[in-house]
Structures are given as C-alpha cells and as structure tokens.
Amino acid sequence: ETGVTQTPRHLVMGMTNKKSLKCEQHLGHNAMYWYKQSAKKPLELMFVYSLEERVENNSVPSRFSPECPNSSHLFLHLHTLQPEDSALYLCASSPRWTVASVETQYFGPGTRLLVL
Amino acid sequence: AQSVAQPEDQVNVAEGNPLTVKCTYSVSGNPYLFWYVQYPNRGLQFLLKYITGDNLVKGSYGFEAEFNKSQTSFHLKKPSALVSDSALYFCAVRVQTGANNLFFGTGTRLTVIP
Numbered sequence: 001e002t003g004v005t006q007t008p009r010h011l012v013m014g015m016t017n018k019k020s021l022k023c024e025q026h027l028g029h030n031a032m033y034w035y036k037q038s039a040k041k042p043l044e045l046m047f048v049y050s051l052e053e054r055v056e057n058n059s060v061p062s063r064f065s066p067e068c069p070n071s072s073h074l075f076l077h078l079h080t081l082q083p084e085d086s087a088l089y090l091c092a093s094s095p096r097w098t099v100a101s102v103e104t105q106y107f108g109p110g111t112r113l114l115v116l
Numbered sequence: 001a002q003s004v005a006q007p008e009d010q011v012n013v014a015e016g017n018p019l020t021v022k023c024t025y026s027v028s029g030n031p032y033l034f035w036y037v038q039y040p041n042r043g044l045q046f047l048l049k050y051i052t053g054d055n056l057v058k059g060s061y062g063f064e065a066e067f068n069k070s071q072t073s074f075h076l077k078k079p080s081a082l083v084s085d086s087a088l089y090f091c092a093v094r095v096q097t098g099a100n101n102l103f104f105g106t107g108t109r110l111t112v113i114p
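Taken in sequence, the protein lines are chains A and B. As numbered in our numbering, residues 1 to 116 make up the first sequence, in order. As numbered in our numbering, residues 1 to 114 make up the second sequence, in order.
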C-alpha cells in the first residue's frame, strides 16, 4: 500500500447524476493531485493542490470540481458528465509542490468511472 | 513544453531474458526522469528516478534505467525478466526549474512469457 486511498473503487453514473470521488493520504504530504488515465493516452494532470490551495487547473471542464478541505483529503465532484469522461481517475500526493522539491509522487489505486 | 514518448505500446519478452522498455523525452531544460509501474487494479508505483549524477540509476525489483542526454532517452532495463514483471510501465519527466508536475508517457504494457 502506498498510503493513498481512494473511494469508491468503481463508479457507474448517468449523465445527469452528481457524484464525488474521495482521496485520502496518510503520509503527511502537503501536495495532492488528480490525474485522468484513459487507454493509450498519457496520464493527464487535472488539478494540483498545495497546502490546500489550488495551484494548477489544466483546462479541465467545469463539470469537474475539486475540493481540498485539508491537506489529507481531496475530492473530485462530478456533475453532468459525458461518456468520454469514462476513465480511471488517480489521486496522488507528494511532500511538497515547489521548484525546489523533487520528491516522488505516491498514487492511490484509482476510481474506475463509467458514464452512461 | 514537456513531453514523453514511449514508442512501444506492447513489449513481450521470455522469462529469464533481458528486457528493455523505451522512453524518450523532450524538455526545455534539464530533466528529472521517473519510471512508474502499474499492476492490474492498482495505482502507479514508483520504480526509480534520475535526478543528477551517475547516468545509470538502480531502482526497485531489480530494475535500472540509463539516462542518455545526447539521445534524450531514459530506457528501463532488467537483466532477467520475471513473469511477475508483467504490468503497465510509465515514463515521466519534469523540468528541474518547474514545479513538481509530472508529464507522463502513454505507457508500455510488458508481458513476460513463461
């Protein structure tokens, strides 16, 4: 185990539903990340939070809404998704998010999302 | 802009044979380079990283990678493959002067045949 947990592990939702993905890290890290993993595509960095502030938002549609209430928890709120949003959503954390840091990112197992 | 290319979607190798998974990168500056492995139904696990110094980096599970600046490559290698090495392998890069954002390749599926 990497110390990063994600729930649920699998999720099926309709395009009109609202759901949330949860990530929790038990490593004392200050930076957390959301990635989207689609088949035969590079992992796409979606959002980065550093010390509970959003520091990166890589042109992600507004139907994805992140929330970081504290340094241990990260949520991804989903609403009115499209079938092409079906993917594996990975959460990661690292000790810091700064130019000076080069620490490893630790990944959770992911949530497999299917949008019908 | 940063990018990573993994030219092979699939690599097959016989158990006991050496394996190589290829990775080339493009960055505007000096790179930090990483390899991750993903087993079925699991998240990515860190294998090794190149920061500076010796071009040959040793990592977990007997893997190693060689940084080649002239060829902008960072190929993953193992002298003797195990069936349990079968997984999806991702190469990633970030610039030394950039924030801790990783740019990943598309992944290479390694299958070790008994």
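Since the hints were derived computationally from the structure, they do not count as laboratory data. Be careful, since some hints might not be right.
[Claimed, not checked] Here are the simulated DSSO-like cross-link-like pairs (lysine-lysine), alpha carbons at most 27 Å apart as the crow flies:
| no. | chain 1 | residue 1 | chain 2 | residue 2 |
| --- | --- | --- | --- | --- |
| 1 | A | LYS19 | B | LYS22 |
| 2 | B | LYS49 | A | LYS18 |
| 3 | B | LYS49 | A | LYS40 |
[Unchecked claim] What follows is a set of in silico ranges between Cβ atoms, one per label pair, in the way DEER data are often shown:
| no. | chain 1 | residue 1 | chain 2 | residue 2 | range |
| --- | --- | --- | --- | --- | --- |
| 4 | A | SER62 | B | ASN17 | 47 to 57 Å |
| 5 | B | ILE51 | A | SER59 | 28 to 38 Å |
| 6 | B | THR72 | A | THR16 | 43 to 53 Å |
| 7 | A | LYS18 | B | SER70 | 47 to 57 Å |
| 8 | A | VAL12 | B | TYR39 | 43 to 53 Å |
[What the hints assert, rightly or not] In silico contact screen, one side only, chain A against chain B (beta carbon under 7 Å); selected entries:
| no. | residue |
| --- | --- |
| 9 | LEU45 |
| 10 | PRO69 |
| 11 | THR104 |
All values reported here derive from a predicted model rather than from experimental measurement. Every residue gets a Cβ at the ideal spot worked out from N, C-alpha and C, and that includes glycine.
task = Kindly confirm whether 43 to 53 Å is satisfied by the beta carbon distance between VAL12 of chain A and TYR39 of chain B.
result = Hint violated: Cβ distance 23 Å, outside 43 to 53 Å.
message = Restraint: LEU45 of chain A near chain B, CB-CB cut 7 Å. Satisfied or not?
response = This hint holds: LEU45 of chain A lies near chain B, its Cβ roughly 6 Å from the closest one there, short of 7 Å.
message = With the threshold set at 27 Å, check whether the alpha-carbon distance from LYS19 of chain A to LYS22 of chain B stays at or below it.
response = With a Cα-Cα distance of about 38 Å, the restraint between LYS19 of chain A and LYS22 of chain B is violated, given a limit of 27 Å.
ask   = Between LYS49 of chain B and LYS40 of chain A, does the CA-CA distance stay at or below 27 Å?
value = holds, 23 Å
inquiry  = Please check whether THR72 of chain B and THR16 of chain A have a Cβ separation lying inside 43 to 53 Å.
reply    = holds, 46 Å
request  = State, for the Cβ atoms of LYS18 of chain A and SER70 of chain B, whether the hinted interval 47 to 57 Å holds or is violated.
outcome  = Holds, since LYS18 of chain A and SER70 of chain B (Cβ atoms, about 52 Å apart) stay within the stated range.
task = Report holds or violated for the interface hint on THR104 of chain A, using the least CB-CB distance to chain B and a cut-off of 7 Å.
result = THR104 of chain A check passes; min Cβ-Cβ to chain B is 5 Å, inside 7 Å.
task = Take a look at whether the Cβ-Cβ distance between SER62 of chain A and ASN17 of chain B falls inside 47 to 57 Å.
result = Check passed, 49 Å falls within 47 to 57 Å.
query = Was the hint right that PRO69 of chain A lines chain B, CB cutoff 7 Å?
reply = violated, 22 Å
query = Between ILE51 of chain B and SER59 of chain A, is the Cβ distance one that fits in 28 to 38 Å?
reply = The hinted range 28 to 38 Å holds for ILE51 of chain B and SER59 of chain A, with Cβ atoms some 29 Å apart.
query = Given the hint that LYS49 of chain B pairs with LYS18 of chain A, does the C-alpha gap stay at or below 27 Å?
reply = violated, 39 Å
Violated hints, in rising order: 1, 2, 8, 10; the structure is consistent with all others.
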